[in-house]
Every structure is written in structure tokens, then in C-alpha cells.
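> In case you want the letters, here they are:
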Amino acid sequence: MKLSKITQEEVKHIAKLARLKLSAEEEERMVYQLNDILLYMEKLNELDTSNVEPMHHAVEQVNVMREDKPKPSLMREKALANAPEQNGVFFVVPKVI
Amino acid sequence: MSEEITRWGIAETRRRLVKKDVTVVEVIEAYLKRIEALNKKINAFITICGDSALREAKFYTEHPEKLVEKPLGGIPIAVKDCLCTEGVRTTCGSKILESFVPPYNATVVEKLLQAGAILIGKTNMDEFAMGSSTEHSYFGPTRNPWDISRVPGGSSGGSAAATAASFCPGAIGTDTGGSIRQPAAFCGVVGMKPTYGRVSRYGLIAFASSLDQAGPMARNVQDTALLLQVISGYDPKDTTSILKEVPSYCEEMKKPLKNLRLGVPKEYFAVKGMDSSIEEVIRNALKVFESLGARIVDISLPHTEYGVAAYYIIAPAEASSNLARYDGVKYGFRATSSNQDLISMYSETRFQGFGAEVKRRIMLGTYVLSAGYYEAYYRKASQVRNLIRKDFEDAFLTCDAIIAPVTPILPFLIGEKLEDPLSMYLSDIYTLPASLAGIPGITVPSGFSPDGLPIGMQILGNYFQEDLILRLAYAFEQASGISGRYPAI
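From first to last, the protein sequence lines stand for chains A and B.
Just so we're aligned, residue 1 is where the first sequence starts under our numbering, counting upward by one.
Just so we're aligned, residue 1 is where the second sequence starts under our numbering, counting upward by one.
Chain A on its own, in the form it takes in the complex:
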């Protein structure tokens, strides 16, 4: 019996956080595939990293600024052109309130 890193309940919870519906079959497959992958990740614990800074970018850069000048941006018509539903002014979504 392999160690269990992630349960079906956790998979359900994570899917909810990710706004991702899963079919029953997908959910089942996700449990054992993520489990396999997460067990493999345990390998990282062989390393002592207590004095190592985390690295988030290949080339360190800070505070890249541009001039604070208004510029033309994408025209509304173009910005809306790819929307699944729009009314010429706004994106349209299912009723929220």
C-alpha cells in the first residue's frame, strides 16, 4: 500500500478552489495521479534548504517603471470582439445578484 498524499476530499476541495468541475472518473484518476506525482516530490526533502533563499526569477530585476503618461489603449470594439457574450459596451455574465 503506497502512502497517500492526497485524498478524494482534498481533490474536491482543490477543484473548487481552481473553479474546475471534474467528472467522477476524472476525480478518481486525479487522486491517484496527483498522489504519484506528490510522492515523487518528497525527493526534495532529501535536501537541507534551511539557509537557501528561494529563487523566483532568473534575472533579478526590481521596480521596472514606465513614465506615468496616458497613452491610447485597445479600442472597446476590439477588446469586446472575442467575448462569448457582450452588448457592445460591457461583457455579459450570468446574473450575480
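Worth flagging that the hints you see were computed from the coordinates, not collected in a lab.
It cannot be assumed that every hint is accurate.
In silico lysine-lysine, BS3-like type, Cα no more than 27 Å apart, as pairs [claimed, not checked]:
no.: 1; chain 1: A; residue 1: K71; chain 2: B; residue 2: K19
no.: 2; chain 1: B; residue 1: K70; chain 2: B; residue 2: K244
no.: 3; chain 1: B; residue 1: K272; chain 2: A; residue 2: K5
no.: 4; chain 1: B; residue 1: K237; chain 2: A; residue 2: K12
no.: 5; chain 1: B; residue 1: K20; chain 2: B; residue 2: K66
no.: 6; chain 1: B; residue 1: K19; chain 2: A; residue 2: K69
no.: 7; chain 1: A; residue 1: K16; chain 2: B; residue 2: K330
no.: 8; chain 1: B; residue 1: K272; chain 2: A; residue 2: K78
no.: 9; chain 1: A; residue 1: K71; chain 2: B; residue 2: K272
no.: 10; chain 1: A; residue 1: K71; chain 2: B; residue 2: K244
no.: 11; chain 1: B; residue 1: K70; chain 2: A; residue 2: K95
no.: 12; chain 1: A; residue 1: K78; chain 2: B; residue 2: K20
no.: 13; chain 1: A; residue 1: K16; chain 2: B; residue 2: K95
no.: 14; chain 1: B; residue 1: K66; chain 2: B; residue 2: K19
no.: 15; chain 1: A; residue 1: K78; chain 2: B; residue 2: K19
We have chain A already, so just place chain B on it with the hints.
Frame of chain A, contents of chain B only:
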């Protein structure tokens, strides 16, 4: 004549266009004819831009002076379908972007067009560049031109296969963990992942923002250098691109190798399950380099074996965040069903719009960033990433460049690894460390397996040393005479 044209490559086609041996219309027609006849077998393209390519070709008939001025004037180039092309749909290999038509060009695309290149088509890829085989495409798998029962590698499998099959003389791919270098090796072409920040990411649909980098693929080193020259450079629209002079790659490339020290990492040759023909090809390549005056030194990259685990935490974490934008509101697919509150519209859209591998990575990424797991996974992986970067930093104290295999395995059969994601991830072991560190790497065709499958070698350089690794690749190509074989499709 038509078939001959498609074998020329970029520099050769340019030479003949300028000499007026051939017209741009003839060049474009030759490629379109070949694509029409053979693409069905390979499925390298998601979109073929036949009409617009011919229209642009005719422009050069009327303005012959432009042809001479522009460095890529009249050259058909294929672009991976994760780079935005204004007015040409850009799918990222996904159902969720099946009918997305970008309102602007990626900077890479803009630079190619400014240089006179003609967009011949958008190439197939693993959905959102997540995969190592191009099997995870909503538009069906791409096949390897050297053996159509096998994968072309991925995720830039369409760009690699199109280049190998002479559907174009060169293409643009993107590399997040090996997605240019590995398909280049599997398809027997040259492919370069530049230093992170060398090429603008503006308009490159994000997968893992701290790793993604676009780069050139071509059938020889010179053509690769020509493309890199055009797409490189700082872009104010990408704050992670670097303001640094771009050298003249085609000139730098021709310098001799004398006294260069080439590091051979012992960890890249001790992997269980490594194909013996790959090791043999790399060992032979080292002899070629020695004969050219380079010196071989043994080096160690001690954290190599942790690259897969670190990468498959960091990349999915970034992806889970980047892919949150696909919610069926601003662009792309929206699921329609009767039960329509906003949240179920999101979930249903993503359920129907994403494929299996993308869902797996969104889940994995969301998990490693979620409360209680962030420290154990994401932070830990980011620390290990620093150790991997340090490995390279130390190695470059004793060598000028690193010679390594690209993959431990030969192109595998379509379907072979589809149900075992971890085994697919493990095949990325030699390409992931350079991605995590952000250093440049190039794949050069270096030989063939006994069954005639292509084998590539990887040359890694220090930050912004694209010129040096091109020089090594060029010298090897010239000395080994390995290029000039074409797959029989």
C-alpha cells in the same frame, strides 16, 4: 524545382531571392504545395495562412527593393500557436481558445514581420505548452516526420516537425522546461532557448511566466542565428526583458573554438534507462570538439536529479495562476448550460474547455499553493531552484560551456506515455535545470539511432552567451557534416 526550393533553408533562400534566381511567390507556392500534400500525415499546423502568405509574397513582386533591405524578406516562417498573431486565430492548442483572434501581435511576431518574414502558419503544440509530446493538443497529435508512429516531442512539436518536414525553413517555438530543445532533438533540427529575458514575452500566452521564453528552430545553425538576431532584444512592453546589446550572432558564430573549455556533467550520463545510442552520439561529439581545439573538462551539477520535482511544482503553480483568466467572460469558449450562476459557468467552462494534462497541472499548482502546503512545496521548490542555479554558477567557473544530452530517451511511440504523466515528466530531466536557472541552451542534431531516429546534443551557456553556444553548435555542424539528411515522408 518546387521540392528543391523547400530544402534551401533561410540563408540559401535569401541568397537566391536577392540574386533573382527565384521569386517570393515561387518560394511561398512551393511551401504551400508541400504543406497541402503532406501536412495531413504530420499535422504540424493548426492554421495554415495560405492566402495571406501569397498576398504578402505578391507585395514583393511590386516592391523588389524591400526584399533586399529586410533581413528575412520573403522567408516563410511558422509560429507556434501560443504567440499572438493579429487577425490570425491563436489557440494555444486548446478548445478554450479555439476561436480566439488576437487584436495585436506578439513582439516576436511583430519583429519577424518587420524583418520581412511571411507567416506561413500557426503550429500545433501541447495545450498551453504543457507536455513533452504534442499529444495533448485539442487539434490532435503531431507526428514525427522521421517515423510517423512516434511523437515529435513537445510542446513545440508542430514547429519542430514543420521545420524537419520542410514545411518551412524555420519556425518559432517556446521553451518553458525544454519545449524547444526536446522536440528539436526528436525531429533532428536545431532549436535554441535563449536566456530568460533575451526575447520579449509580450503576446506570448503565459504558461509559467518565470520560465517561458520564445526561441528559433531551423534546419541549420546559421538559420537559427539569423532568426535569433531578429527576435532578440529589450522590449518596453515586457518588464522582464533585459536591456542589453544583442551581438551579431552570424559573425560571432564563425570564431574558432581554440582553448574553449567544455564541461561534461557526470550527472547527465548516469541516469537509469538512458538509451545507449544517445550516450554514444554525445561521446562522439566530444571527440569532434577536441579535434577542433576545445578542451573537455569533467564537471558536476549535483542537484540535477531534483530538477524534475522542483520544476513540476513551480511551473504548475505559476500555470494555475496564469490560467485563472480562462473563465468564459472576456474571450474564448464559454459553456452554456441551464444551471447558470456565475461560479458554475466558470467551472463548467473550464471543465469543458481544458484537456486532461492542463487540468492535472491546474490541480497540482493550486494544491502546492494552497494553505498549509505553500511552504512545504512551493517555497521548498523555489529554494531548490536556487541550488540548481548555483550548480551552473559554480560549473561556469571551470568551463565555458556545457555539453549534455537533450533527453535520456529516443522519440517514443504515440500513446506510449499518455496514461503515465510522471514517466513523461521524468523524460525532461536534462532540459529542466537550464530552464530553472534561466541560462541559454541549444539543441544541435548530432547523429541517429540504429533505427534511424534523430539524436540531438544540448549545449548550455552562461547567461546571455547565446553567441558562444551558437559558435560551438556551428563549428560542430561544419565539422561533423551531420546536417543535410531529410526524412522521407
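> Check each numbered hint against the structure and report the violated ones by number, ascending.
1, 4, 6, 8, 9, 11, 12, 15
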